[in-house]
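2 protein chains.
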Amino acid sequence: MTTRDDPTVGELSEGAILRRILDRLGPSAALVGPGDDAAVLTVPDGRVVATTDTLVHGPDFRLAWSSAYDIGWKAAAVNLADVAAMGARPTALLVALAMPDDTRISFVEALADGLRAACDDLAPGCVVEGGDLTVSDTLTIAVTALGTLDGRAPVLRSGARPGDVVAIAGDMGVAARGLELLFARFTDPDGTPNALTPETFVERLVDSADAAAVSRQLRPRPPISMGALAADRGATAMMDVSDGLALDATRLADASGVTIDLEARWLGPDAARALAGGEDHALLATFPSEVDLTGGFMRIGRVRDRADAALLVDGAPYQERSGWDPYRDWDAGRG
Amino acid sequence: MTTRDDPTVGELSEGAILRRILDRLGPSAALVGPGDDAAVLTVPDGRVVATTDTLVHGPDFRLAWSSAYDIGWKAAAVNLADVAAMGARPTALLVALAMPDDTRISFVEALADGLRAACDDLAPGCVVEGGDLTVSDTLTIAVTALGTLDGRAPVLRSGARPGDVVAIAGDMGVAARGLELLFARFTDPDGTPNALTPETFVERLVDSADAAAVSRQLRPRPPISMGALAADRGATAMMDVSDGLALDATRLADASGVTIDLEARWLGPDAARALAGGEDHALLATFPSEVDLTGGFMRIGRVRDRADAALLVDGAPYQERSGWDPYRDWDAGRG
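Residue numbers (my numbering), protein chains in the order written: chain A, 1 to 335; chain B, 1 to 335.
If you are wondering where the hints come from, they were derived from the structure by calculation, not from laboratory data.
One thing to keep in mind: the hints can contain errors.
Beta-carbon label-pair distances, calculated as ranges [stated by the list, open to error]:
(1) B:ASP102 <-> A:GLY15: 29 to 39 Å
(2) A:ALA209 <-> B:GLY191: 54 to 64 Å
(3) A:ALA64 <-> B:SER158: 42 to 52 Å
(4) A:VAL202 <-> B:PRO124: 17 to 27 Å
(5) B:ALA117 <-> A:GLY26: 34 to 44 Å
(6) B:THR200 <-> A:ARG161: 58 to 68 Å
Virtual Cβ for every residue (Gly too), placed ideally from N, Cα, C.
Whenever a hint applies, use it, and build me the whole structure from the sequences.
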């Protein structure tokens, strides 16, 4: 493809790039949408939920594995999950995109398509209402998600009480399995990522569970609508599982001053990976024991009085170092 | 200073870095502040103003010239200006910080101090209520600012009407003069930026106007409180001047379907620089001609019926190519 058909962002003006992006996004649902100094959004109950999360080329994605569409999808999904984890409904995204000036406009358009598709699919009614474009040596997408509680009380991490049931909605360890498969089957012997294409995907991921795991790693599907549902059913605490069930359950237990006791038999066929693996963005919640969990949430344990350990598995302290910490864990690879 | 006294972020956990940052920020004013999946903010009139703007090492700042405090200040200030430009009062920032893992924690703390100081100074009551930390090869700070209209109608770019007065609050061309001075006096012969320190600052910026210009470039002071004031006085259109008065006045004129006619004699001693120079984040507004402009806003021109040219200076079309476009203008230097 020639540069003329698919110019780089360095060959276009900021305004021209912006127009190409806006053409891909859905119609604004705001009082003031993209194009002014700021967006103005209605928040009928007088409270707005707001969160931000960034994907950086290298620690958060490899261009050999993630398409632009995947990156847009994931950047939306991880932020939508943080809004859902408060018991809220996402209503708007703001997207700050910093990219090298040799980035093709087709890449930017596919990224916008991924953002829109994730919103349409996971959080219908949520729209990109603003953003910012700049250049950078490192492709970076910082998304802010806003949402509404529709009159509900926010569900905090700190509300779990002894006797509550611990439950989860969404995948456990699937995204981590996908990442293992990418490292195992989509790298050269020296560790350099090599290209995931429709052909290599089909060829190297014959098992449908493997294919699904890689898909989930690249395009996570957090159960966004379950967040408000959990709040309506009386969830006492909730958070999204981004850094691994064990690490995030420990955070919830610490915030609530309780101990969480998980039952390994409820953690699926590979409990170790379910505990350690991050990036599923499942919703971890606690409910009063009398709540009926049918529909979405699955019981995985019980809240106990605070003991020495914040987290038990089948009654024994969980000892594994687990979870992803960008400052400790990134190996500086990009690909 | 040894690593033990001032560890890098790569030597600390995400949680430890976060605690160091939170210690520097003011107390939360939100229903739910930092520490949960998302913040929850009150917006009494049921509308929230939201904007995002990113500073990237290289195109947006040089580490030889900007201290961490300066970077934090500027990242806050440019976002506060976008909220003010809607006629709103900033209430909260979310800060996504992506940094190399050899960044010293003292640098991160100074950046947090700069964020807080800009809020306290320019928009009292506005607090950092959330954020995100990640690693990146390129130091990047993406800020989202939220604000409230306190019952006012938002002031758009599109409301200017023929006969209105064009006015500005804030600096014109001062930040651009500061940037020229940095390139002229703080670079090696080959163009590499060299260090701005208290000593080199005093030594090379003997003229107090020069010193002030460099200070304004590094720590802009947009007149944040003037935004709501302009709305209260009946401003018909408003925007912040980030990319140069000529370019931004053209945008406002195009959005409103009018022509703006500026008078050079009102643009200060160096009208050319006032027109071309960006980064002052002054507030450009239009008012019905009968409005009393005393206090903050200064008349600089008149809105006319739309003519061929969107922008006139003393009645003649303004022809200079001006303003900063990151995709066209960044030379890939960092320093």
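For each hint, the structure was consulted:
1. B:ASP102 <-> A:GLY15: 29 to 39 Å: 37 Å, holds
2. A:ALA209 <-> B:GLY191: 54 to 64 Å: 56 Å, holds
3. A:ALA64 <-> B:SER158: 42 to 52 Å: Hint holds: Cβ distance 44 Å, inside 42 to 52 Å.
4. A:VAL202 <-> B:PRO124: 17 to 27 Å: Since A:VAL202 and B:PRO124 have Cβ atoms about 59 Å apart, the given range 17 to 27 Å is violated.
5. B:ALA117 <-> A:GLY26: 34 to 44 Å: About 39 Å separates the Cβ atoms of B:ALA117 and A:GLY26, which means 34 to 44 Å holds.
6. B:THR200 <-> A:ARG161: 58 to 68 Å: Hint holds: Cβ distance 59 Å, inside 58 to 68 Å.
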